[in-house]
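Novice: Listed below are the residues making up each chain.
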Amino acid sequence: MRASPPFLPAGLALLAACGPAPGDFGSPCTSDGDCKTGSCFTGFAGGYCSQRCEAQACAESTRCAALQNGSFCLQSCTTSLLDCRSGYHCADVSAGSVCFPDCNTDGDCGPGARCVDQRCESGAAGAIGAACLLNAGCQSGRCEIAFNGGYCTQPCAQDGPGSFGKQCPSSAVCAKVSEALGLCHSTCTSDAQCRQEYYCEVAGASGACRSRCRGAANCALGFTCNRQDGRCIEGSALPRKTGAACRSDGDCDSAYCLDEPNQQFPKGICSADCTGNASACGTDGLCIVPSDPSFASVCLQRCQSNFDCRSDYFCSGVVNSSSRVCIPRCTAVPMCNAPEVCDNYSGDCVPPGTSGAITVERVAIGQMPISGAQSQKEFSLSVPPGVISYTIVMKGGVGGTSAISRLVSPSGVLLFDLDNYLTSQVRILPVNDGDFGMLFPNSPRVPLETGTYRFTIVNEDGSGQGEVFALLKRSTTGWVSSGKLNVNFWFAGLSVNASNAPGDPKLQEAIAEIKRIYATSGVTVGTISYFDVPAAQAANFAVIDTIDGKDSELRHLFELSAGAPNTALNFFMVKEIKGGGFGYTILGIAGGIPGIPFVQGTNASGVAVTALNLSQSPASVARTMAHEGGHWLGLWHTSEQSGQLHDPLSDTPECPASYDANKDKVVTSSECKGTGAENLMFWEAGPTASSLSYNQGYVLLRNPVVSSQ
Amino acid sequence: MRNPNLFWLWWAAALTLASGCVTQNSRPPEEARPPAPPPKPQDMKVRVLALISGYERVPTEEEFKELGPGALAVLDELYADASQLPTTRTRAVASMALVDNPEAEKRLQDLVADPKVDVQYRSTAVAALAHRAGEKALSTLAPLLESEEPRMRDAAARALGRIGTAEARKTLEERLGKEQDAAVREAIQQSLTKMEP
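One line per chain: the protein sequences are A and B, in this order. According to the numbering used here, the stretch in the first sequence is residues 13 to 721, in order. According to the numbering used here, the stretch in the second sequence is residues 282 to 478, in order.
Chain B with its partners taken away, still in its complex shape (with noise of 0.2 Å):
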């Protein structure tokens, strides 16, 4: 007695079509998706482009680390690749922060020093520094607030203040006597109110 395909013709006999509906996005069916693909050998770019490519999303250090130590090459590239998007490139210096290879702290030193590198990619590579190295990072970071590009300065005052010791402190109150730039005053004062004990 059913008919096939043809279920709706008598109920639209008894409700009335509508015109115009339309049927969009709905969710296939579980039956109807493909099985998962077989695993495949990892891909060390695809799977550091997976950890930086959210909206909001920040990676963590336990995600890098399960990368293991080839994941600091691909940053490497990524960085160095005019390619991308500015945000991409930053993430990728960002990153150098987190991942499970020593020579990342060098790599950031030799960013943080080349005054060839732009701001957006240097000033980055200060506060990924900072966090990497720590205290170890203040000979390299405390110059940079002499630096004649304010936006330098700012990432160096933030980076000090998140370094927190009290010699940073001392650095950065002794900067903030002659820091003209009312932003990286602010940058200062902000950093010094962190480490307040």
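With the rest of the complex left out, here is chain A (with noise of 0.2 Å):
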């Protein structure tokens, strides 16, 4: 056993003794009776109590590692000290921590790492995809765990608002992981290049080696586990079972395919005829009758949420049946039921009726104090029927790095969680500055639940007190397909400003492209005010030189928003936001994704945007400032640079690696004519983005700030 540092005070050391009660998560064990989380692990010394998770996700503040010998759940731990028993310390791994046995042998530390002294250091680390057990162990410093046998990797996609994650190297390939990251992976042209218990997935120049799932949590929420070959499909229906997509009957066991073509159902989906036998159907599978005898009954996938069905269906309750099925939304096909109508955003069927009226009410959930190196609370919000959308809100300029670590929904589905967060289908990324907005949904996949949704927010290097609330966002009629945005601009060191800005030709050539773009979403943009930076800091703000940090230029430009009348969304304007250190110009850039609706003056009140181009183009100004609104509403990236990572929505174009025609790791506008580039929310800022789908104006509706008409 690993005795007390000498340096260590006595109530230190008492408190080093402390770590996990018996039985629970990494307390010492021998066999799985002795463990209150149902499993022991025993490849750690003196055991280690843990739950396995292969089919079910791991309890809150553990971590799935995929070992050797099975996948279990880690302990984490922010110091040794404090959480983890004796003979343990705190040892990183992927984007955390867990807490990890004291070390005897340079093989107690996995490939890559040696022991000194107890704790693993960096040996010979292994590369991109190499095999590892902590971050020690891999050059890039990140050992993911919850892939097989550990692997070396690094973020490689936006990992925060104005955070774009690195470059992989030339040997690795960035790929997708979950809605919330991207990875660095090995690249590979064939399975027999990757490790075992992996598989290549080919798309675009080379393949990446990614990790065979071992049950349902390795997959994302909406996906399953396909154990004969460890890939995730999307939706519960196993590959050809009822709802399994197919092009033809030979795709399904049923030797029944509903194709795209012929019948509509994106994608296709393998079915089987019922006619006069339900039981045809089996368990997976409910027969439709037709009215109509002449017409075939069919099989549709049963479901109990819309996580059980593809991205291009929803679960549907049935005519005279309490049990539910997967059908294609409605904007593919109309089926509503009379008198409900489609609601294109969502692609639902709604009640009858004209978009309600909107009110938003806010809500006070409770106050987040926040010291030392980390504070983490747990919190609830309830939210009663007639609730389209809520924004969960924390502010009080408490700085530091903030985060949503885990939410789950009134029915008990895990929505996200931090640390295991491959697996979350929902998108929140930590966010600097400490002060941030949550908009849910942010798609129409994952839908509202009227009940109550527990919370917890961690922050760390942050400092004061938190401000927790929520907006609840209502409709009268429960839906919403049209709503107002006031505006406000304010200008800093142009000659545009709040005086002229009415009969400025180029300002208002710009503003009435913007209205036009958002007017395709149903987003109708309404008081436009405009104000002048004071003219005391207007120099000072014309060139904004700083975009990071409690103390940069851009947080206190969104500070000035303080003396705004109003709830609007402010556009500030000035000459130029540089970046990177060498004098590089930032077309624009929002306080958040999205940013703090309601409430001015804080650092996530509004976008920035660089005014260079209006009085050549108007319109190019226009683009960036209805991306950047866009993403301050709570929209995303339709397509990365990569060509690896998309939006969460199912409804808009991605522009996959396979369209990079040149192989420079880039997808740019002309690659992606006709699927993606024509889309407000690319990447890029090319000459034709500014269109929207119905799904990213599902979001844009349901962001507090777009009120009634």
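Don't read these hints as lab results, they were simulated from the structure. Even glycine gets a Cβ: it sits at the ideal position worked out from N, Cα and C.
In silico contact screen, one side only, chain B against chain A (beta carbon under 10 Å); selected entries:
| id | residue |
| --- | --- |
| 1 | 333 |
| 2 | 336 |
| 3 | 343 |
| 4 | 376 |
| 5 | 377 |
| 6 | 435 |
| 7 | 443 |
| 8 | 464 |
What follows is a list of derived Cβ distance ranges for each label pair:
| id | chain 1 | residue 1 | chain 2 | residue 2 | range |
| --- | --- | --- | --- | --- | --- |
| 9 | A | 539 | B | 455 | 48 to 54 Å |
| 10 | B | 347 | A | 55 | 38 to 44 Å |
| 11 | B | 381 | A | 366 | 56 to 62 Å |
| 12 | B | 324 | A | 139 | 28 to 34 Å |
| 13 | B | 347 | A | 539 | 47 to 53 Å |
| 14 | B | 325 | A | 561 | 32 to 38 Å |
| 15 | A | 205 | B | 447 | 51 to 57 Å |
Need the complex rebuilt from these two chains, each delivered in its own frame; the hints are there to steer you.
Specialist: Right, here's the structure in full:
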């Protein structure tokens, strides 16, 4: 057993002895019966109470590790002294830390690391794709323990507003692993080039060696593990079974495919003819009987929620039945049950009538005390009937990095878990500067439930007291298809100012284009107000030279919105925003994805836009404003630069890496013509990027700043 | 028993058609997408533009290294092309800080030294030169603190802050006492604060 270091005060030595309670995660054990958690992992010294995580997600504050002899949840920690039992310490893995046994030999540290004074240090660290147990075993400093046998990697995609991760080394390729993250993977052209328990997923110039799933909990919410080939597939239908994708009858066990070209089922579904024989559908399907007997009855996949269905489908009730089945969204085919009508934005059938009148209610949730290296607190939010979205806000100028680390729906579905982010279907990213807003739902695939949501907020390196509240957005009809967005324009160091803006032809041309773009999603730009940045600060803010951190000019610029007498979206127009430390021009930047609505004066209360192009090309400035405004309202890039990462919406066009014609690892507007370059939220500021999809409109219309017409 | 194209007719009979439903923006099915075109010879201009065309994304030295020295000629061309948007021209100048070609330093020095160059691009060249040449750029940049153009003084102050040497600090401290422009004073103070050990 490792002795407490001699410099440790007696009080802390006592704390060190605390660790987990008997039977809890990380406590000693010799058999499963010793553990309240259900499983004893004997691969660590003295045993380690744990839980298997192949089939079910890990409990809060634990992290799934796909070890060679099974997948186990390991106890998360922030400091050895307080969290881990004697003989264990807090070791870095993935993007966090877990309680890990003190080492005696290099072998205890896993590949790439060595044991020095009972701690694991970097040894012959592995390259991207190498096996590992701890971050110390990887050249990149990151071992993804949720991948089989550990996997040396590094983030390669946007990991926060304004943060875009690193480029992968030339021997690796960036690949999406969840809605929250992209990681570098070793390249391949066939499975044989990948480690055991990995397969080669070919997309674009080269494939990526990806970890095979061991069970449902290894796949993102809304995906199922196909144990036969270790791949995660969308929805809960296994290949060839009722509801599985198909192109022809030969793709289905039933030899019956309702295909897209003939029967209009997006990407086809395996079904069966159940005419006169409802039992033909088995337990996975439900026989749908047409009112016209000259047509066949067919089996459709039974479902409990949208997560059982593929993204082009949703889980719908059936007339005269308590069961539910996966059916195509009504934007694909006209299929709503009268008197319901199709809400194009969600693809769901909704009650008849017009878009409802909107109200927004502010609901206090609690206070978040923040101090030290890490603060964490759980909150709950009651969502009553009639609410169509909610936005959780924490404000208080607390600084540091904040995140919602866990979000659980009223029905108990774990929508997001920062410790096990690979399985999340909801995209929530940590934010710098502490204060943040989070809009839910941000995709029709993850619909809102009535009841109590539970969520946990964590903050690192901040200080003070965060005020946590929610903005509940209601619609009198329970749905919404139009809204009004009021906007404020702020000017710093430009020839256009609050006085002359209404008559400035270039600015008005830009505003007309913004109006046109948002109108395609049912959002009307309403009242426009113009403000000047106070004269004493205008020259300083004319060029934004610093964009990161609590004392950045960008943050202080956004804080000027405290002077706004309304709750509108703020566009701060400056001469130029500089980034990268070498004079590079950033066209625009949003205070968050989403920003903080309804509260002016925070670090996330608007977007900043470079106005350098205004006189030469008002339309290009308009597209930048609309793009950044889209981020602020809750939209992500439809395709990131690599073509490997896309937004969480199912109807936005994706430009995959396979469209990278010149193999430069960048999908450009010209390469993505017809497959995404036209969308406003495409990563590149192309000349045609201004369209919005229905699902993007769904998100915009749920932001509380978008009010009744 | 299946009736191609008619499936939704009976569904409609059971569930009644809704009017006004539109199909739009449906993602094309995988099988309908054309295969990726065959690789073509890499076009340097296309590749440079791909790096500097994001709304928010800032390119990296690694990315420019992959393009090799030939990228400098494209950056030159983009900067010189008055039909390009001012942001594209500015980005071209800034990217000379990253391009894998030693001649870029001279190019930036020329831009900084040429009073006929628009202050937008000159001030950008100041930041790019400081990034690229570091301490070596001090003798070129320090005199710019005396420029008549406040934006050049501002850029020089920030550049010296990034260079961060004792000499740069001394130069900034000396200028602080003389500087009349509030924004430039603020830039000097920010740089000095950043340079504090």
